[in-house]
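Visitor: Spelled out, the chains give:
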Amino acid sequence: MHETDMTQALVLTVKDWWDAQPETPKISKIHLTVGQFTCVEPASLQFAFQVQTQDTFLAGATLVIHETPLIAFCHHCQQDYFPDLGIQYACPTCQSAMEDIRSGRELKIDRIEYHCADASMSEPSTR
Amino acid sequence: MHQTFDAALGINLLHVNQDGADHNRAHFDQWGITCLNLMSSPGAGKTALLERTLATLTSELKIAVIEGDMTTELDADRLRQFGVPVIAINTGRACHLDSKMVAGGLHHLAHEYDPHTFDLVLVENVGNLVCPAEFEVGEHAKVALLSLTEGEDKPLKYPVMFQEADCLLITKMDLAPHLDMDLEQIIANVRQINAQVAIIPVSAKTGEGMEDWFDWVQSVVNDRCVTVR
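Residue numbers (our numbering), protein chains in the order written: chain X, 1 to 127; chain C, 128 to 356.
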């Protein structure tokens, strides 16, 4: 459900970037990083993106979601470990609580792939 | 032929909500108000906890409530009986409060009252163990509630909420004799995810543990008075 809100936030952020460009680029891909330890379901995000971008400046653009695994660092053992989501979060070696999350909380718009209209079609710059 | 370009953004997906939350927090700080965000699944006892809290703490603190509910004002009406301002925010279909909705509530508070006279704003979020965890509203601390009937495994299944919480209230303790619920296991599961969270078993019905909860609220308010004022 909140993926709808997140998609709206995504579209508005990309729109801000798009509006700030001197020409009107055609966006082909948006790359997102979504951590495993967030409340975001990538499939729901994809669905919301398709619905919300129909007939907009993002029509036809692809949402590319890179998922990052949950990785925690155990200060006692001085090593990274992969918590087992839904089952075990404490360090499997020493049972210390999961305190230092090194990966998995990301919700980030990484980059945009775009192309500009043909040079011959674009108006000469007057400024 | 088109040449493809790359623009690096590196922007947090929720930056708009985050900016709004920071803005709300700046208002709270300016007014000398502490804000707590109460979150739980539906029916865990947020409103019952608030009723008991208002009945006791209004003699010590000036309190306002921001009440998030999907469609009704039933909860808000329950809390208005305690003579405190209750600002109801109907979220419509949204499953959580966001910082913009709470900003609307704050403007209402500032318009109708003198916000400088308040000590504490309690935000009752929409009942949901998932979404509210990702949407800060400008709070100084997050309070999660987990009722004894929900099961020991919930902290493992909904870890983000319990990882974000500064205080966890295990509610409906009066039901303990009737349930095969292992309180120690609940606490152990929470501790796997969050070593620092204050865990307080309470019953709004019998009053068990409520003094500890009030002490925790007072300590957060006092700590902030020292750092802000």
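Please note that a few of the clues may not be correct.
[Unchecked claim] Straight line, CA to CA, 27 Å or less: simulated DSS-like cross-link-like pairs of lysine-lysine:
(1) X/Lys15 with X/Lys29
(2) X/Lys108 with C/Lys227
(3) C/Lys227 with C/Lys189
(4) X/Lys108 with C/Lys189
(5) X/Lys108 with X/Lys15
(6) X/Lys15 with C/Lys281
(7) X/Lys15 with X/Lys26
(8) C/Lys281 with C/Lys332
(9) X/Lys26 with X/Lys108
Source of the hints: derived by calculation from the structure; they are not laboratory data.
Visitor: Please go over all the hints and tell whether each is borne out by the structure.
Guide: Okay, the hints, checked on the actual structure:
| no. | hint | result |
| --- | --- | --- |
| 1 | X/Lys15 with X/Lys29 | 14 Å, holds |
| 2 | X/Lys108 with C/Lys227 | 20 Å, holds |
| 3 | C/Lys227 with C/Lys189 | 24 Å, holds |
| 4 | X/Lys108 with C/Lys189 | 39 Å, violated |
| 5 | X/Lys108 with X/Lys15 | 16 Å, holds |
| 6 | X/Lys15 with C/Lys281 | 38 Å, violated |
| 7 | X/Lys15 with X/Lys26 | 12 Å, holds |
| 8 | C/Lys281 with C/Lys332 | 23 Å, holds |
| 9 | X/Lys26 with X/Lys108 | 21 Å, holds |
The earlier numbered hints that this structure contradicts are 4 and 6.
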